[in-house]
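A.B. asks: Below are the chains, spelled out letter by letter.
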Amino acid sequence: DGGITQSPKYLFRKEGQNVTLSCEQNLNHDAMYWYRQDPGQGLRLIYYSQIVNDFQKGDIAEGYSVSREKKESFPLTVTSAQKNPTAFYLCASSIYRGRRLFFGSGTQLSVL
Amino acid sequence: DQQVKQNSPSLSVQEGRISILNCDYTNSMFDYFLWYKKYPAEGPTFLISISSIKDKNEDGRFTVFLNKSAKHLSLHIVPSQPGDSAVYFCAALLSNNAGNMLTFGGGTRLMVKP
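Those protein sequences? They're chains A and B, same order as listed. Adding 865 to a residue's 1-based position in the first sequence gives its number in the numbering used here. Adding 214 to a residue's 1-based position in the second sequence gives its number in the numbering used here.
Please note that the accuracy of each hint is not assured.
To be verified - 30 Å max Cα-Cα, derived BS3-like pairs, lysine-lysine: (1) A/Lys922 / B/Lys285; (2) B/Lys268 / B/Lys285; (3) B/Lys282 / B/Lys251; (4) A/Lys922 / B/Lys327; (5) B/Lys251 / A/Lys936; (6) B/Lys282 / A/Lys874; (7) A/Lys922 / B/Lys270; (8) B/Lys268 / B/Lys251; (9) A/Lys936 / A/Lys922; (10) B/Lys219 / B/Lys285; (11) A/Lys879 / A/Lys922; (12) B/Lys251 / B/Lys327; (13) B/Lys282 / A/Lys948; (14) B/Lys270 / B/Lys327; (15) A/Lys874 / A/Lys922; (16) A/Lys874 / A/Lys948; (17) A/Lys948 / A/Lys879; (18) B/Lys251 / A/Lys874; (19) B/Lys327 / B/Lys219; (20) B/Lys270 / B/Lys282; (21) A/Lys874 / A/Lys936.
Calculated from the structure, these hints are not laboratory results. None of these values were measured; they are calculated from a predicted model.
So here's chain B without its partners, still in its complex pose (with noise of 0.2 Å):
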């Protein structure tokens, strides 16, 4: 059972347009969230996070919503640019005894046409 889900598999904008990125939580314990950023062939590299006692947190391009009631996190980018064309993982992490540990989505390819 999925704990972590982003049901878009792929997602195409506009240059300059608003990229919406959306993730799905099931686990009420998560306590913080993170999003990555994977090109083919290469590892992910940590783009934002947010605490769950935060609804937002925002860097630069890149901005973090967080709904707790609803379960549901979202990447907001703007403006698009054709070098944010890549995968974007939501990941969530649990704290227990035997550490942190992340969950991750299946993932949404972003495509930025020019």
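For reference, chain A alone in the conformation it holds in the complex (with noise of 0.2 Å):
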């Protein structure tokens, strides 16, 4: 089955430290995205990649940071500079250049 895998569902962080949330695709796509939700507002882009070993910043990458080492795999971090990280965080991606996004399941990340 082809698809976007992220974990954890449900991720706790304390003051002070950083974590990083997984997202893994299977679908041979280039691009990759991550995206924030808070509660009853929209998505909001935070990092996007659109081939490996390349990204870039979107809307609110403040205190967040990615890599893109494989195709598959675009980690996301966040870092103890982002003093509201509570939301629900989505991983997405496409074909370059794709107009379609295809989304993971999402995490939670709330803060202790």
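Build the complex from these two chains, which are given one at a time in their own frames, with help from the hints.
C.D. replies: Below, the structure is given as structure tokens:
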């Protein structure tokens, strides 16, 4: 079954701690994206990557970091610099310059 | 400044009736529009899309209308079913050198009552 797998489903972060959210896809898509959803709000773009070893900041990249060492993987690190990390994080992928994004099932991050 | 707006945060409709979800945008450079459906604690799933060169696209119970002059699109669901209860996001696509970037609206929660 092809798809996008995000793990864990739920994650808790302590003050001052960095946490990493995993995103793996076996759709052979070139492009991958990270979005954040806050309650009652739309999806906001954090980072995106069109090809391996390349990525760009989205609208709200501060306090986050990513890497794209493999085509199928695009992990997101929420650093201690992100002061309001509690949100639902969604990973997505598409073909290169594709119009449709395919989403994973999300990770809910909460601060202890 | 929100470039894509869904001004109705929620909508309640009786089963069998039509649901109309609205979306407005400000950037005339958007050239493709999509609707996604999202259940709680899940990722959005693609529903239907429309190119800016068209004014209507239909897929079963779902029809999307685009009014470019008004910078407005709408999603019609008819007949509405209880399983349609979800949050619906409209998204607009801008093609540039960095790739195809989607901008999402804030979502409308649809509740279809049996």
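A.B. asks: Evaluate each hint against the coordinates.
C.D. replies: Results for each hint:
1. A/Lys922 / B/Lys285: holds, 27 Å
2. B/Lys268 / B/Lys285: Cα-Cα ~13 Å, so holds.
3. B/Lys282 / B/Lys251: Given that 30 Å is the threshold and the Cα spacing comes to 23 Å, the pair holds.
4. A/Lys922 / B/Lys327: Answer violated: A/Lys922 to B/Lys327 is near 41 Å, above 30 Å.
5. B/Lys251 / A/Lys936: holds, 27 Å
6. B/Lys282 / A/Lys874: violated, 39 Å
7. A/Lys922 / B/Lys270: violated, 34 Å
8. B/Lys268 / B/Lys251: holds, 22 Å
9. A/Lys936 / A/Lys922: Given pair A/Lys936, A/Lys922 holds - Cα atoms ~18 Å apart, limit 30 Å.
10. B/Lys219 / B/Lys285: holds, 11 Å
11. A/Lys879 / A/Lys922: holds, 25 Å
12. B/Lys251 / B/Lys327: holds, 18 Å
13. B/Lys282 / A/Lys948: Cα-Cα ~39 Å, so violated.
14. B/Lys270 / B/Lys327: holds, 27 Å
15. A/Lys874 / A/Lys922: holds, 24 Å
16. A/Lys874 / A/Lys948: holds, 21 Å
17. A/Lys948 / A/Lys879: holds, 12 Å
18. B/Lys251 / A/Lys874: holds, 20 Å
19. B/Lys327 / B/Lys219: holds, 25 Å
20. B/Lys270 / B/Lys282: Holds, because 11 Å separates the two Cα atoms, which is no more than 30 Å.
21. A/Lys874 / A/Lys936: With a Cα-Cα distance of about 22 Å, the restraint between A/Lys874 and A/Lys936 holds, given a limit of 30 Å.
Hints 4, 6, 7 and 13, counting from the list given before, are not met by this structure.
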